[in-house]
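Engineer: Read off the chains here:
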Amino acid sequence: MKHNFLDDAWLKDQLAEEHLNDDDFSASTMQIIDIQCQHPPWYLYLLSGAIVCSLGYLVINLLLSIFTDVPFEKQAMVDAQWSNLFNGIQFEPICIFAVVLAFALIWSVEEFDLL
Amino acid sequence: MESNLVTRVQYSGDHHAFEQLMRQNQSPVRQFLRRLTQNDHAIADELAQETFLKAFLQIKTYRGEGKFLSWLFKIAYQLFVSHTRKKQPLTNVELEDVADPSNFDNQFDAQRTVKSLLKYLKSDERATLLLHFKHELSHQEIAVVMGIPLGTVKSLIRRSRLKLKTLTEQSELGEAHEA
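From first to last, the protein sequence lines are chains A and B.
For the first sequence, position 97 (counting from the first letter as 1) is numbered 96 according to numbering that gives the first Met the number 0, and the numbering increases by one without interruption.
For the second sequence, position 57 (counting from the first letter as 1) is numbered 56 according to numbering that gives the first Met the number 0, and the numbering increases by one without interruption.
So here's chain A without its partners, still in its complex pose:
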């Protein structure tokens, strides 16, 4: 093989290759892109967040109350919570945790394509 590595034109000629046919490459890549671009509708995020937040606010507080020594009335507890909800939301740390949990749930749904 005659070679002249100092000659740019010769080296360029040596490295030249034929054009690669697209075959199925672009079509299959576009399919992958289409799948990646699919997002759940926005109201699903809103609904999931609202459900988890409200359940968290009601249920977690209720469970904490159940497992304390203080006697209570369940119905009064729920009523009190609804009343508090509309009188001005007071976020206790456990409720903030419920909110964080809600966002984690929404993130998981999107990240791991659960729906």
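It should be emphasised that the hints constitute simulated quantities derived from the structure, not laboratory data.
If you're wondering where the values come from, they're calculated on a predicted model, not measured in any experiment.
Each hint should be verified, as a subset may be incorrect.
[To be verified] Heads up, incomplete: computed chain B residues facing chain A, CB under 8 angstroms, no partners named:
#1 R22
#2 Q25
#3 L129
#4 K164
Glycine included, every Cβ here is placed at the ideal spot set by N, Cα and C.
With chain A fixed as given, assemble chain B onto it according to the hints.
Structural biologist: Same frame as chain A, now just chain B:
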């Protein structure tokens, strides 16, 4: 016009426009990755798909500075480097001692072209050679693609040419002895 297609993808996420861009640029990107991966077509095409996927998702980061193909090469090279770092060290023929011409064993491929000698270069040497002589990128463009200084690009090209020259001379010397 490529710039029109890019604009359509950036502003409206036009899938059809991106598919046209992909068809125009898939050959050089895939060829580049095939040479980098030493003709492993499966891995090269997988990396090429990841390249175009990443390009679509990050299309807004392309600001028109330089050719669109250069931007694709940059993504492709970064993906190749990440892929190489995850590979088992023993399966990587770009180890220092293998790439060293003094360990070359005169066992050439039957074809014995410059392309067959590329596997004896390190990946960064191979990349600079291919980007400059095959894909006609300037030294400055290669520096941007590979994220290395301009001086390093020139040094790598010079070194890879010298290495190829040394390899062929050693081969011819070996042939002469055998004869």
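Engineer: Find the hints from earlier in the document that the structure breaks and name them by number, from lowest to highest.
Structural biologist: none
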